[in-house]
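Protein chains in written order, with our numbering: chain D, 1292 to 1611; chain S, 1292 to 1611; chain Y, 1292 to 1611.
Among these hints, one or two may not hold up.
Stated by the list, open to error - In silico SDA-like links for lysine to any residue, alpha-carbon gap of 20 Å or less:
| # | chain 1 | residue 1 | chain 2 | residue 2 |
| --- | --- | --- | --- | --- |
| 1 | Y | K1450 | Y | D1558 |
| 2 | Y | K1527 | D | G1310 |
| 3 | S | K1527 | S | E1512 |
| 4 | S | K1527 | Y | K1450 |
| 5 | S | K1450 | S | D1558 |
| 6 | Y | K1527 | Y | S1353 |
Stated by the list, open to error - A few chain Y residues that face chain D, going by a derived Cβ cut-off under 7 Å, partial list only:
| # | residue |
| --- | --- |
| 7 | S1359 |
| 8 | R1365 |
| 9 | K1505 |
| 10 | L1508 |
| 11 | K1527 |
| 12 | V1584 |
| 13 | R1590 |
| 14 | V1593 |
Unchecked claim - According to the in silico footprint, chain Y covers these stretches of chain S (three or more CB under 8 Å from chain Y):
| # | region |
| --- | --- |
| 15 | 1354-1360 |
| 16 | 1422-1431 |
| 17 | 1557-1568 |
None of these hints come from the bench; they were simulated from the model.
All residues carry an ideal CB built from backbone N, CA and C; glycine is no exception.
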Amino acid sequence: MTDQRRPDGSLRHLITLEGISRTEIDSLLDRSQGYVRALGERAPSNRALAGMTIGNLFTEPSTRTRVSFELAGRRLGAEVINLEVQLSSRVKGESMLDTIHTLEALHFDAFVIRDSEPGVVAHVAANVAAHVSVFSAGEAHQSHPTQGLLDALTVRQHKGGHFERLRIAIIGDIRHSRVARSAYEVFTALGVGELRLVAPAGLMPASGEFPAGKRCLTLEEGLADADVVMALRIQKERMTQAEIPNGEEYFARFGLTVPRLRRARPDAIVMHPQPMNRGVEIDSEVADGPQSVIRAQVRNGVAVRMAVLEALLRPRPGGA
Amino acid sequence: MTDQRRPDGSLRHLITLEGISRTEIDSLLDRSQGYVRALGERAPSNRALAGMTIGNLFTEPSTRTRVSFELAGRRLGAEVINLEVQLSSRVKGESMLDTIHTLEALHFDAFVIRDSEPGVVAHVAANVAAHVSVFSAGEAHQSHPTQGLLDALTVRQHKGGHFERLRIAIIGDIRHSRVARSAYEVFTALGVGELRLVAPAGLMPASGEFPAGKRCLTLEEGLADADVVMALRIQKERMTQAEIPNGEEYFARFGLTVPRLRRARPDAIVMHPQPMNRGVEIDSEVADGPQSVIRAQVRNGVAVRMAVLEALLRPRPGGA
Amino acid sequence: MTDQRRPDGSLRHLITLEGISRTEIDSLLDRSQGYVRALGERAPSNRALAGMTIGNLFTEPSTRTRVSFELAGRRLGAEVINLEVQLSSRVKGESMLDTIHTLEALHFDAFVIRDSEPGVVAHVAANVAAHVSVFSAGEAHQSHPTQGLLDALTVRQHKGGHFERLRIAIIGDIRHSRVARSAYEVFTALGVGELRLVAPAGLMPASGEFPAGKRCLTLEEGLADADVVMALRIQKERMTQAEIPNGEEYFARFGLTVPRLRRARPDAIVMHPQPMNRGVEIDSEVADGPQSVIRAQVRNGVAVRMAVLEALLRPRPGGA
């Protein structure tokens, strides 16, 4: 397991939700909820991170997550710099660690990293100076911790804190999904009643993974009496891998439609990490319908990132 | 006509100058002039938009207009984020409206949009939440309202407010020019004495368009006793369309030179929206000469964008 | 020589270190050292440049130098805008000077320019309005003045101010290096005891250049009793030019290794402008070893850029 804690046990990095306790998660969600409550039409802002500098290193394109972290940092008073390091590094052949040490010497207090290679985030975290924190903004198929937290916050807002009473269904390409892995970690830590993994056999995770999940090979089984329905984005190359010829066929088997959603509880909420393939994994009638909380997820994303940045970066006694 | 007003009749979006009254234009120009007056060597700045977040969505390259809006927003205390959404959207196939709703959920107060597709700006404006304003930064061949306002401001500064006494000549590719369309709208609203459209037949607008304009097929006719001479940028593919073989030939027929400019009034001013093709639509001797107010246009551009952002985004009673 | 001074003799631009006096250099280094001293874990910041706008124009990729100038400007309270002008200019064929005048009209107070074409920085400096300053961030093979200053600061921190007692060896592709040229200028101005140019014949500068330098064709000769060892980055195409077939051969002849470094003084420091080609011009054992001050150079880079921006841009009497 990646070591993301300080010697005193407090969280220094946020690389994975694995090993984070229910108490810690509740505390982060409470802090996030404070920022959500402060959201009127205008975004809340304070100066908690004034004087700090945060570097965004996104080596995969992601407007939503990058801007979400950027706004979270700025609304806390930090400088946020978007770094296009991999491009410049490639041009000159600079190694990843030399780049990081160079940036560190420029006095960055934190790095927010999205990368398609597993292990890069932890590698950086293991090599930065003691006062620097590293936040994952999505790593390979492995982990997307702030997405997990915002999903948990969204469920808590709509279904309350009694996770042990809830049935949550995650539908789609679970095998290759960092969103599903972080959702599994956070919901398991929060003691969810039943966590269903709904996917065709080819997209089901390996047998050792998601040990507490209940595997369902049909959408019908997965949706029955569910409280929370979370559709994942499906990519064409993955359909082929699952022997599904195209988007229409996927929609026919696993697309979330209004008639199918009737199998879930009448007050079930529908989530999606975005961007959506409308007409493939979800019908527009559902995405824009009364049970959808998809936009709330985005709004919660900024609040969660503000909470996480503030909680881990707050000036510590003995700091400068 | 695009609806860019609130139910109480006040301007919420700025998509087109069509339908904006002379009183409203005068008020925006007065406010702009205030910012111009404050311009010494140092840029003026205040905190009128503190706490607000503005997103720049430029899907066509335009350093000048993008930076002009960015500086205008920042000098009013707003956060301005440059969003490269179309790129990221293309990569993942995200639809325009999902992108906009996602950004909205991140608590943007305004979007500044430049797009080569007609209707995109109005489409976004029609679909954002009630507290969000949308500003066009140039749309297809149709509209470039802040350019129209800065052109009007520049004329007013040099020729005074009696537009009914003025002869204004717009020269070049009027058919495909959003600059010409917005200039036509603003000068018509301000009651200009005579507005001449000077172009070869192939670049003259369709017969229904620019109804109050006087069409001139030669530069000589167009320039005679003009008070304001506005040259437009011409592109190679358009020359061909007008059966003009190359830049030299265009310059021979429609290029603004010092001898030709003598046909205009001795105190005529010369304008150009930039970037210029020196030696094609304008001679350097004219562009850099004593009658040129081209740099003043750029300076007025920041002032106009500050005025427009502040006027439309000012905290309303009942806002957060 | 480029004119980078105001009529009263004070520095207005920073294009080259040529012609800058020892007193001026000492004053800039003292000011830089003040910012280094303020560096704890947190970066120092003040509002010395509040209300000013700085434009970064980097037409060559350079994350480190661009971010270093960006952070320097922001930590002094200035707005810093990254301008991608050359790209946009290419698209529309806008000329360099029109671009600069346009930006000037947007009220920029300073431009930071990196360009691969010799003369571009001076050309811009010669054409901007009197209140605008221009800073080179690296120009062709000619000049990289802030790198020269940060190198001098690093030497002074570790070896004290008696440059006349020091032997400094610059190793590598001196012929094509702006880093070497600016180092030569600053160390010569500071009265260095001996400045050695260590390179294969094909990478030695032309005979008229670096007149006070002592040329050494072997690493052994160059390192003997040196106090400061500065390795330069070598590029593949340059090796070929020097009739060195590949990186391994270069490393065999000019690579800085621990055994070779023993020829220098035991307290010699090792510098490199970065990015490094580990295993080509420098061994990792040296780069990460106890004599390396490479990371200190980066940290000093932000301090030097803060000092230079503040010294040249400070509000002058009579300014707005």
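Checked hints:
1. K1450/Y / D1558/Y: Distance ~9 Å between K1450/Y and D1558/Y Cα, so the pair holds.
2. K1527/Y / G1310/D: violated (47 Å)
3. K1527/S / E1512/S: This hinted pair is violated, its Cα atoms lying about 24 Å apart.
4. K1527/S / K1450/Y: violated (61 Å)
5. K1450/S / D1558/S: Answer holds: K1450/S to D1558/S is near 9 Å, not above 20 Å.
6. K1527/Y / S1353/Y: Roughly 19 Å separates the two Cα atoms, so the pair holds.
7. S1359: OK, holds: S1359/Y within 7 Å of chain D, min 6 Å.
8. R1365: This hint holds: R1365/Y lies near chain D, its Cβ roughly 6 Å from the closest one there, short of 7 Å.
9. K1505: With a closest approach of 30 Å, the K1505/Y hint is violated.
10. L1508: Given a least distance of 27 Å, the restraint on L1508/Y is violated.
11. K1527: Status violated, d = 10 Å.
12. V1584: violated (11 Å)
13. R1590: Nearest chain D Cβ about 4 Å off; hint holds.
14. V1593: Since the shortest Cβ distance to chain D is 6 Å, the answer is holds.
15. 1354-1360: holds (count 4)
16. 1422-1431: Violated: only 0 residues of the region 1422-1431 of chain S have a Cβ under 8 Å from chain Y.
17. 1557-1568: holds (count 4)
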